[in-house]
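Asker: Residue numbers (this note's numbering), protein chains in the order written: chain A, 1 to 277; chain B, 1001 to 1357.
Honestly, the hints are just simulated from the structure, not real lab data.
There's no promise every hint is true.
Examples of chain B residues toward chain A, derived with CB under 7 Å [claimed, not checked]:
no. : residue
1   : Asp1215
2   : Arg1256
3   : Val1302
Covered by chain B, according to a simulated footprint, are these stretches of chain A (three or more residues, beta-carbon under 8 Å) [unchecked claim]:
no. : stretch
4   : 51 to 57
5   : 114 to 122
Note that the coordinates shown come from a computational prediction; the quantities given were computed from them, not determined experimentally.
We put the CB at the ideal spot given by N, CA and C, even for glycine.
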Amino acid sequence: MTLSADRLSYSYSGPRNHVRQGPPEGGHYDGAEFALRDVSVSVAPGSLTGLLGPNGCGKTTLLKLLAGVLKPELGSVRLKERELRVLSARAIAQQIAVVPQETHPAFEFTVLEMVLMGRHPHLGAFQLEGPDDLAIAREALVATGTAHLASRSYTTLSGGEKQRVVIASALAQKPKVLLLDEPTASLDLGYQLEIASLLKELNRERRVTMVLATHDLNLAASLCDTLVLLREGHVLMQGPTNEVLTSATVQQLYGVIADVSFHERAGHVTVIPVRRQ
Amino acid sequence: MSPPARVAASARQVPAQVRELPAIRPIRTRLAITIAGFGALALAACLLTPLLGSTRISLTRAFDRSIPFADNVDAQIFFVARLPRVLSGALVGAALATAGVVFQALLRNPLATPFTLGVSAGASLGAMLVLIFGISIGFGPFSAVPLASFAGAAVATAIVYRLATPYRRAMSTAVLLLAGVTLNSFFSALIMFVQYIADFAQAYRASRWLMGDLDVGSYQPIIAAVPLVAVAFAMFAMLPAALNVLSLGPDAAATRGVDVVRAQRLAFFSASLATSAAVSLAGPIGFVGIVVPHLVRLMVGVDHRIVLPASALFGAAFLVVCDLGARTLLAPVELPVGVLTAMIGGPFFLWLLVRRA
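Kindly generate the complete structure, drawing on both the sequences and the hints.
Answerer: Take a look at the structure:
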């Protein structure tokens, strides 16, 4: 198992945070304010796993726990049988890269500088990037179709270009596992398909294991071999996409009546929402 | 792309896009060019400005050891009046400029200055108490005013740190900013109170100190400040790559292998230390800490591995030149340099900003 979560629980107003900070706005420490409760997920090497669920179900929290950014209060995350808790941020970053929903740098970095930041976990404390790092960055730029933007300022790019640059930055980390948080959320249809085919290619050709949180059921159906359904902080169901993605589960998850059927021309299951339950 | 690289590229059948990549100067070369350029500027400023001033001096006479120092007016002007000002200007300019860079990256806010988090207000309050109540304690090379202002800065730093650091988690930049701004106002109110109850002469001395002045009078306070700034700079040396990644946000930094809590703590304490040392030496000289980082970014880009050393050198040159203006523009009257930094730096900065847009 490449990456696995074992009985994770996490609350933003948890005992540790509660003592020093008090509960967050609107949160109740004594109530059942757990963002995640007893979640176990296993991600096979080379797989492309989709994380589905309504807003606030804990997708982003789970991704942050899998990336080691948040530390679980109960349970553990393991990367190749080693607990994430005992690894340094640097050691984790050499294996796991994350593409967040949005990235807002405070300064006007160029695209190349953004991509080269992906080399950070591979460089020593006082080491500057060398020709090898530059070659890896260029390869990542080419793979994401952003090479022509290399000397542009990141902040001047369109949403789709930004997202591809952030993916390039994650690729420059040479990760074994790539975690993506709604990578296509702000993109138009053309870019959505482009990112989808890019991810598929990276997964197939470079054997990058991926976990993808998304609201786009059709994207998940076309890309993912495995799905994890999250609701109110716990796992509703997990398994192969074709078994898990049905009109029954869509109704359970979102409270929406939907037609779920195999689409010949698309070559995968498609979901057509009909009405709210 | 150079011809051999083109051949290599076509031989490996690299996609057409690779050929679109612009030639990019490696970071090593950029760093070397930047340090050489800004280093030459700082060196020139430090070597030339002691020669200039309201009184013309002869360098040969100043260094002529056959004349006793007491009779050698040129030597007295050079070594007593001018050189300490130039050296303290270089030290304070470098410290404030780099502290500004680090605070801007830590707070992810281009409007941050070394004084944003209340360090200088704490330092000022400390200095005010000594100036107005006429306390004269001190030990070693430290005299009462710098000692008290350094202590005030340390207290302010400790308060802000305590407020903004939840247990084992990343600092909240929003809490840092709010705590700093509030502490600034609180200390300013105390300063006004202390000034109000003081008599006229004391209040005048206090308000002069608050303008910031490099006329430190001797080498003693400089020697006291050098080790503090040196420690801060040694800590800065560990930061630039982490600051780059931190300016994407704490989560993004963590997923690129930065120990966020450690890096933030290091940035906060090193920048606070540099600011405290600078303010206790020369008072709160404004504008250097915000404008020099921005000027440097406009010239060399935003990579902190280049911006940080360049700001140290450019900050030193900038403040030394501003102080030359302060000494000479209204000669024989000498202005406090804090009055001039914004008057010279402001229009220059606006010009660069407009020219770029």
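Asker: Confirm or reject each hint.
Answerer: Hints, one by one, checked against the model:
1. Given the 7 Å rule on beta carbons, the hint for Asp1215 of chain B is violated: about 36 Å separates it from the nearest Cβ of chain A.
2. About 5 Å separates the beta-carbon of Arg1256 of chain B from the nearest beta-carbon of chain A, less than 7 Å, and the hint is met.
3. Of the supplied interface hints, the one on Val1302 of chain B holds, with its beta-carbon coming within about 4 Å of a beta-carbon of chain A, less than 7 Å.
4. Under a criterion of three residues with beta carbons nearer than 8 Å to beta carbons of chain B, the stated coverage of the stretch 51 to 57 of chain A fails, only 0 such residues being counted.
5. With 4 residues having a Cβ less than 8 Å from any Cβ of chain B, the stretch 114 to 122 of chain A passes the three-residue criterion, so the hint holds.
Of the hints listed earlier, those the structure fails to meet are numbers 1 and 4, in rising order.
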